[in-house]
Amino acid sequence: MFDWLEHMAQWLVYHVFGMNPEDHLAKALDFFIYDSIKILLLLFTVVFLMGIINSYFPIDRVKNYLSRNKLYGTEYFMASLFGVVTPFCSCSSVPLFIGFVRGGIPLGVTFAFLVTSPLVNEVAIGLFVGLFGVKTTILYVLSGVLLGTISGLILQRLKLEKFLTPWVKEVLANAQRDQERFEEEKQSFKQRLPIIWDEALKILKGVLPYVIIGIAIGGLMHGYIPEGFFEKYMAKDNLFAVPIATILAVPMYSNASGILPIVQVLVDKGIPLGTAIAFMMGVVGLSLPEAMLLKKVMTIKLIGIFFGVVMLCIIVSGYLFNIIF
Amino acid sequence: MKHSIQILGTGCPKCQKLTNVVKDVVDQNQIDATIEKVEDIAEIMKFNVMMTPALVVDGNVVLKGRVPSNEEVLATLQ
Chain L
1 MFDWLEHMAQ WLVYHVFGMN PEDHLAKALD FFIYDSIKIL LLLFTVVFLM GIINSYFPID
61 RVKNYLSRNK LYGTEYFMAS LFGVVTPFCS CSSVPLFIGF VRGGIPLGVT FAFLVTSPLV
121 NEVAIGLFVG LFGVKTTILY VLSGVLLGTI SGLILQRLKL EKFLTPWVKE VLANAQRDQE
181 RFEEEKQSFK QRLPIIWDEA LKILKGVLPY VIIGIAIGGL MHGYIPEGFF EKYMAKDNLF
241 AVPIATILAV PMYSNASGIL PIVQVLVDKG IPLGTAIAFM MGVVGLSLPE AMLLKKVMTI
301 KLIGIFFGVV MLCIIVSGYL FNIIF
Chain R
1001 MKHSIQILGT GCPKCQKLTN VVKDVVDQNQ IDATIEKVED IAEIMKFNVM MTPALVVDGN
1061 VVLKGRVPSN EEVLATLQ
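In the order they appear, the protein sequences are chains L and R. If you're matching positions, the first sequence starts at 1 in our numbering and goes up one per residue. If you're matching positions, the second sequence starts at 1001 in our numbering and goes up one per residue.
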């Protein structure tokens, strides 16, 4: 599908710039040009398509659906699935949390949504498709949804309502299931498209510098690290690799879009996929800025339990991936 | 008619961008309006908004979860 791009990059580096194909730097530059254009094209496509889906599943509709319908245990899965199509912004997590609590949605279901929403967001999916291909992306999305569902189920069992901050407990006491019908924006597809297009462009612009820097570093590593370099240190039978990768990942949120291209090169050079996926889930799904924001609605203890359970699920899925692949 | 504009947001970068857009539009078109930033989460929740930033004009939520273009903001003020 991207043959034309590969030819273009090669032509540019070896003919226009006249660089030697045996040269490390030339190889790295070739890889960089090809990779960054391919990834940015795919990223934009995915963000745009997700924008279209999201436009038909706005958050209010999701909340009303979860709040109004009896779902007989599937609500955790549904909330997790809705988390995929909702664009995530850590600054929205608090109003979102309160909105769900007020709508009488159980805490565990709310957590299921809160886990998946950042974990499987449009930028991560777009980068995944560009970096790892469709198969690994589907695997990532499915395990993300499952991870949110299971974390939600566990957190519900722990009966954590007592660890909410006092004013949220008050909201909880007055919670009621929504009866009102959601007023849908009556916009035609044609009217929606320009807004979605603009929004996708804005998102792309926002992550562009990180992605380019990430790919540049990845490109350099690609040219200089020998094949199989990491297999010596991070072999599958190293039991500590997955937990260490997960713990290291949590503080790295702000640069998630820059870190993913680097991880791709690491996988290329021999880091097991499960360890890498655990690392990426930690980077994308759990962030310290989000934890700080959640302090408004949760006690530190609850944030700790929340992050702990999610990290545990990430570590388990990392091991599972390593066993399966 | 004098408009009352409220910008709901807990202080994220997007909320700041929305504030700038609104200020630009109001200045450029010499619209008579008061602009107020609402940063307290309990106050924000009174508007039943789950995505920030949100734009409230004369008590009605007209936009949420994204930063609009100048034209869009202008349209809500006419």
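Source of the hints: derived by calculation from the structure; they are not laboratory data. Treat the hints with care, as some may be off.
[Said to hold, decoys possible] Cut-off 25 Å, straight-line C-alpha distance, at most; resulting in silico cross-link-like pairs (DSS-like, lysine-lysine):
id: 1; chain 1: R; residue 1: 1023; chain 2: R; residue 2: 1037
id: 2; chain 1: R; residue 1: 1014; chain 2: L; residue 2: 205
id: 3; chain 1: L; residue 1: 169; chain 2: R; residue 2: 1046
id: 4; chain 1: R; residue 1: 1017; chain 2: R; residue 2: 1037
id: 5; chain 1: R; residue 1: 1014; chain 2: R; residue 2: 1037
id: 6; chain 1: L; residue 1: 202; chain 2: R; residue 2: 1014
- Structure versus earlier hints, numbers of those that do not hold, lowest first: none
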